[in-house]
Each structure stands twice: as structure tokens, then as C-alpha cells.
Amino acid sequence: MAYGISIWERLGIRKSSGVSEAGWGHTAFVALISFIYFLPVLFIIFTAIKPQGLALSVPPTLSPTSLLGLIPEQFVFTPTLENFGSVFSRVMTAGSQPEATGFDRFFLNSIVIATASVVLALIFGTLAAYGFSRYPLKGNDTYLFIILTTRMLPAIVVVIPVILMFRTVGLSGSYLGIILLYTAFNLAFTIWMMKSFFDELSTDVEDAARIDGSSEVKVFFKICLPQVVAGLAATFVFGLILTWNEFLFALLLTGPDTRTVPVAMNQAVSSGGRGTDWTLLAAIETLFLIPVFLVTFFLQEHLLRGVTFGTVKK
Amino acid sequence: MSTIEIRKVTKAFGEFIAVRDADLSVAAGEVVCLLGPSGCGKTTTLRMIAGLERATSGDVVIAGQRMNDLSPQKRDIAMVFQFYALYPALTVRENIAMPLYHEKLSSSEMASRVSRVAEILHLREILERLPGQVSEGEKQRIAVARAIIRDPNCFLFDEPLSRLDVELRHSMRGQIKAVLSNLSKATVIVTHDQLEALTMADRIAIMRDGLIEQVGSPHEVFAKPDNVFVASFIGTPQMNLIEVQFKDYSSGKATVTFDQQDVVISVNPGVARLRPGKVTVGVRPRAFSVVPNGTVDAIGAMAELIEPMGAETLVHARTVTGSDIRVVVPREMKVKPGEALHLVPDPAQTHIFTDDGRAVRA
Chain Z
85 MAYGISIWER LGIRKSSGVS EAGWGHTAFV ALISFIYFLP VLFIIFTAIK PQGLALSVPP
145 TLSPTSLLGL IPEQFVFTPT LENFGSVFSR VMTAGSQPEA TGFDRFFLNS IVIATASVVL
205 ALIFGTLAAY GFSRYPLKGN DTYLFIILTT RMLPAIVVVI PVILMFRTVG LSGSYLGIIL
265 LYTAFNLAFT IWMMKSFFDE LSTDVEDAAR IDGSSEVKVF FKICLPQVVA GLAATFVFGL
325 ILTWNEFLFA LLLTGPDTRT VPVAMNQAVS SGGRGTDWTL LAAIETLFLI PVFLVTFFLQ
385 EHLLRGVTFG TVKK
Chain X
55 MSTIEIRKVT KAFGEFIAVR DADLSVAAGE VVCLLGPSGC GKTTTLRMIA GLERATSGDV
115 VIAGQRMNDL SPQKRDIAMV FQFYALYPAL TVRENIAMPL YHEKLSSSEM ASRVSRVAEI
175 LHLREILERL PGQVSEGEKQ RIAVARAIIR DPNCFLFDEP LSRLDVELRH SMRGQIKAVL
235 SNLSKATVIV THDQLEALTM ADRIAIMRDG LIEQVGSPHE VFAKPDNVFV ASFIGTPQMN
295 LIEVQFKDYS SGKATVTFDQ QDVVISVNPG VARLRPGKVT VGVRPRAFSV VPNGTVDAIG
355 AMAELIEPMG AETLVHARTV TGSDIRVVVP REMKVKPGEA LHLVPDPAQT HIFTDDGRAV
415 RA
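Protein sequences, first through last, are from chains Z and X.
Going by the numbering used here, the first sequence opens with residue 85, and the numbers climb by one from there.
Going by the numbering used here, the second sequence opens with residue 55, and the numbers climb by one from there.
Treat the hints loosely; a few may be bogus.
As the list claims (entries may be wrong) - Quick list of in silico lysine-lysine cross-link-like pairs, DSS-like style, CA-CA up to 25 Å: (1) Z/LYS306 <-> X/LYS128; (2) Z/LYS302 <-> X/LYS158; (3) X/LYS193 <-> Z/LYS302; (4) X/LYS278 <-> X/LYS307; (5) Z/LYS306 <-> X/LYS158; (6) Z/LYS302 <-> X/LYS128; (7) Z/LYS306 <-> X/LYS193; (8) X/LYS301 <-> X/LYS332.
What the hints assert, rightly or not - Label pairs and their in silico Cβ distance ranges: (9) X/GLU173 <-> Z/GLU300: 44 to 52 Å; (10) X/HIS176 <-> Z/PRO310: 22 to 30 Å; (11) Z/ALA112 <-> X/ALA165: 52 to 60 Å; (12) Z/ALA112 <-> X/GLY68: 53 to 61 Å; (13) X/GLU179 <-> Z/LEU165: 42 to 50 Å; (14) X/HIS156 <-> Z/LYS222: 27 to 35 Å; (15) X/ALA165 <-> Z/PRO310: 50 to 58 Å; (16) Z/GLU300 <-> X/SER160: 23 to 31 Å; (17) X/ASP247 <-> Z/LEU309: 52 to 60 Å; (18) Z/ALA115 <-> X/ARG183: 31 to 39 Å; (19) Z/LEU309 <-> X/LEU159: 22 to 30 Å; (20) X/GLU173 <-> Z/ILE117: 22 to 30 Å.
Since the hints were made in silico from the structure, they are not lab data.
Quantities reported herein were computed from a predicted structural model and do not represent experimental measurements.
Beta carbons are placed, not taken as given, at the ideal position from N, Cα and C, and that holds for glycine.
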């Protein structure tokens, strides 16, 4: 037996001194809090798989499974995937054949618009941030502040002049228009985020590369950029979430062809004159969660490093 | 020829003058240390030589060519940074080979050069690792390997050993010195550690507040400091600097007033030129001899704090008027706090500084 490690520590029951895995008590507590945070999302997912009539039933149905008899029978519903089908194709007017709802198009729109604008903002923003960080202008902070002021106004204040401008130049309802707008919105955030990441880097490494014969372009691409991958990932995810969920500008600046999911969702659930179809809404929302969930999941490792960057002295 | 020369180089950051009129020349094969306290401008001077900072005025000449307007990659230099500045995303092998990518060598030539320096610096085993997976000492050796892989005009080291622990620092000091002596290039090392400078350098340039105060061999700056700053900066324990009133001089002896009494001390003949007035007497703690009570012209002091240092003992003593005097005595001599000491300075090691801090030499 290795010196200094008790059997309890080996079994994970007692904590060894210093930084190590937390005990069961702490873990259970955090799990409980996490579960409370997750409840609304869970509720949406459950609603999405409920038969249509049970959405507003009293008493409410809470779970698709009785958890081996733990939950009384009247709270249990039989799960169905019917609602997900209705997202893309359903009966629009009573008695007629099911019609396509166009949601496949709206999902594609959302993906294209969000991805394009966040990537564009990342490209321009990272270059700008590098410039602000490494080649400061006279009054550098003033310019950075001015860039941030673009995000200080509430969207509702900006939206009227933007609509008028977009109408005038003919960008209203086009992909280019909404992508440009979102890019501009993401740019401020991207510049600030990426500048702080560049500021954290040791300039010695860049100087060493210069002495070793690298050009400025090579210093940026080969030396700096690989060191801020975590920052790029974090900025990408935050920008994506902001853009993905944006409603107001999308409502007013997209046309029937370029409509994004949040706008289409709003219109779909209140149409047909039958009141709000909650199970359909939940199904759309569940599908709507998936892309951001996947991106966040795959970038998770970078993301954690990204958001904790600079908090630990290297 | 591998030489470095800076002529009247000044660097200003806005109002602040970091380096003022610095003159320094480093011959081929010579190692010069820039030594000084933090913020004295030594790193700025090095960065101007490297081309990472632009000199506000003056000339930077490397290998006989004025390089002020050339970017670092065109100066053909190698530099080791304080924090090593290894490329975190590249392996140790790629890190070392980085300077070669711009020389357009064949890959077999590159591989053989890498393995040669890896051999010299004992890095063979770790060539495929990333910088994050090696120890501090290895990082340091990688940085040195990256510097010596090419055949540059000169070498620049910025505090190369400051991040290592004491033991490693000793062995690396020797290794770097051995590596450098085989290369016969002009080398500038920046350090704030006088022991590092004294052991590694052929000549030392001591800087303070952007000015080079003295340039000389390790022996010169220790034995013949040009001014009070150099005298107090070089040598541990620090030199005693005592302010006295100079009265007159005759045949190798000066009469000074100290503790309201006249003391005659042996000094160099240069003192004859001085007018009576305030001067500073500098005596190193090891240059005192302890004499019996009643000896003529001895300085009296009371031992206050005793610090055994192993081979010797450092005694902090206080004179009647409250001046602090540090004396190093042999280990065999047992001094107790409160004991009266009578001290006579070694005339060969007694320095006289004028009121403006300049040393008086024959």
C-alpha cells in the first residue's frame, strides 16, 4: 500500500488533503442545485413528448416513466414523438391534408445566419483585437469604449432607424442584411473578449518569434492565434447563443424566406385560431436547443479554459 | 566580426527617459553583463540591441553595421528571454528548430543540427514533448538551445537564470559559461544578480536610472568602484559608507573628523587634491581588522547583532554617534552583542568618495 494514502481515500469516501475530488455530500448538493437549474429545460422536453391534450391537464402529468412505481400513476403520461412531426408538417385547417410548415427552412436560416455572422465577427473582431492589444493607438481606450457604446442602447431604441436604413438600401428581408447586422452586433463583444485574451499572452514569445525570423503575419497566425484557441471557442459560443436567440431584429428585418426560428415559432404557435399549442411550442423549442447544445458540448473543454482564462497565474 | 556597439543610445517613453546616452562595446568572444537594480534600464538597453525597441537617439551597431532601422529578424541575433518564451503549441524539437525554418535548410541538415544542440544541452530525451511538460531547468536549456542552433552575430540573454532555484542556477551558470566560451560571439547578459555577473562576465556594466555608471572587469568594479553607487551595489555584505569631515592630508595619511574625534586613516595619494569638507569613506566589511583597545586611530563601535554566515561571522556594530558599521570577522572570533570593538580599516581597501559621490583615485 502506498505510503500516506488511506483505504478510505482510495475508495473515494474520505477526502485526501489538498485539492482532490469532493466528497459525496458536496457532490449531491451541487447535483441538486444543477437539477433545479435544469428543471425548466426538462419541463420543456417533457412537454414536447406529451400527447397534445395533456399539456394543460389537471393534475399535471410530470413524468414519462413511473420510475419503478415511485411516481403515482395519475402523474405519468405516455411519451409520443408526434409533436416533433407536427413541427415540419401538420394539419393547418381542420379537415384538410397535412401541409409543410416551412420549419426546415427556418432552422436552416437560423443556422446559416447565426454561424455566418458569428464567424465573420470572429474574423474581423480578432484582427481588430490584436491591433488594439499590440499596436495601441493614441487614445486606445477611448476607441474601445466607443466600440462598446454600440451595445449600450436597448435594441428597441435602435430598431426603428435600422429598419428605415435597411429599407432605403434594400437590405430588408435579405440574408446579407441580417447577417451584417448581427456581425456588427457581435463585433463589439468579440473585440473586447479577444483583446483581453491577447493582453494575457506573454509578448516575449512573439518577440522570440521575431528574433527567430518570423514576419508579423506569421507571428499572428503561428504564434498568437494557437494560444487563444480557448478564447476563440468561448467567444464563438457566447456570440452564437446571443445571435441564435435574438428575436426583435429578426422579427422586423427578415422576410418570409429568411425568417429565423424564434420569429417563426412565435407565428406558428398562435396561428390556426385554436389558441396556443403548448406541446408544439415545446417540440420546436427542444429542437431549437439542440444545435447550441451540440456546439457547447463539443467546445466544452476549450470553453472552460476560455472563461477561466486569466484567473490562474500561469 | 561578431561585435556589438551602442553609441550614445537614449530611449524615452514619453517624458520618461529609460536609458540615457549609453555607450558600450562588446568585442567578439566577450561576455558583458548589464547589471543593476530593477527599472534601471538594462532590459530596455538589451531590447534596443535586439531591435524589439527603437532607440530614440544614438546608434546600435552590430557586426560593424548600423542596425537602428532594421527589424529583429534582419539583425541576425539570438536571444534568451527571462521567461524563456517557448512556443507553447510546438514540441521541444520544433521549438529548437524554429530559427532554422527561415534559413531554408534541408530537413536532414535541420535534424542533425537539432540533435547536435540537444546533445550539448542534454535535451535528447524530451525532444518530442511540449514545453508545458518539461521542468523549469529544461525550459531554460531549451531556450539556450534555440539560441545557439544558428550561427548568429551575437547572443543576448535577459535574466536567463532568475527563474531557477539556487542549486540549478549554479549548475546552469557553469553550463552557459562553458557553451558561450566555445562560440566566441559577442554576448550581452542582463541580470540583477551580482554574483551571476561577477562569475559569468568578462566585463560588467553597472546601470542606475538609465545611466551606465561604470564598465569594467569583475575585479575592477569590485576593487575600484568609480562612485558610491557602484561601491554599495557590488559586494556582499554591502560596503560601509561613512560620512566624515575631511581635514587635511599628508604623506599617505588623511585626518578626518568622525564621531567628534579626529581619526587618521591611510588613504591613496589622490586625496591630496581634495579641499577640506564632507567626504564619504568606504570600507568593505572584510577590510576591517579588529585591534586591541587603546590602539591609535581605531574606530570604536559596539556590537549589536551577530549573524553567523558559516565560514565567517557578520557583526552589525554601532558607533557612538549611531552610524551602523558592518564587520566580517573570522568564525573563530566569538563576538557577543554589547561588546566593544576597535576597528582599523585596511589602507589598500579604503575608498574615499567626494561629496558628489565620485571616487578619489591616485
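Status of each hint after checking the structure:
1. Z/LYS306 <-> X/LYS128: Holds, at about 19 Å.
2. Z/LYS302 <-> X/LYS158: holds (16 Å)
3. X/LYS193 <-> Z/LYS302: holds (23 Å)
4. X/LYS278 <-> X/LYS307: It holds: about 19 Å lies between the C-alpha atoms, which stays within 25 Å.
5. Z/LYS306 <-> X/LYS158: The given pair, whose Cα atoms are some 18 Å apart, holds under the 25 Å limit.
6. Z/LYS302 <-> X/LYS128: Distance of about 15 Å is within 25 Å: holds.
7. Z/LYS306 <-> X/LYS193: Given pair Z/LYS306, X/LYS193 holds - Cα atoms ~20 Å apart, limit 25 Å.
8. X/LYS301 <-> X/LYS332: holds (9 Å)
9. X/GLU173 <-> Z/GLU300: 44 to 52 Å: The hint (44 to 52 Å, Cβ to Cβ) is violated, given that X/GLU173 and Z/GLU300 are roughly 34 Å apart.
10. X/HIS176 <-> Z/PRO310: 22 to 30 Å: holds (28 Å)
11. Z/ALA112 <-> X/ALA165: 52 to 60 Å: About 56 Å separates the Cβ atoms of Z/ALA112 and X/ALA165, which means 52 to 60 Å holds.
12. Z/ALA112 <-> X/GLY68: 53 to 61 Å: holds (58 Å)
13. X/GLU179 <-> Z/LEU165: 42 to 50 Å: About 58 Å separates the Cβ atoms of X/GLU179 and Z/LEU165, which means 42 to 50 Å is violated.
14. X/HIS156 <-> Z/LYS222: 27 to 35 Å: Given range 27 to 35 Å: holds, Cβ gap about 34 Å.
15. X/ALA165 <-> Z/PRO310: 50 to 58 Å: violated (23 Å)
16. Z/GLU300 <-> X/SER160: 23 to 31 Å: holds (27 Å)
17. X/ASP247 <-> Z/LEU309: 52 to 60 Å: violated (36 Å)
18. Z/ALA115 <-> X/ARG183: 31 to 39 Å: Cβ of Z/ALA115 to Cβ of X/ARG183: about 38 Å, so the range 31 to 39 Å holds.
19. Z/LEU309 <-> X/LEU159: 22 to 30 Å: holds (26 Å)
20. X/GLU173 <-> Z/ILE117: 22 to 30 Å: violated (57 Å)
Of the hints listed earlier, those the structure fails to meet are numbers 9, 13, 15, 17, 20, in rising order.
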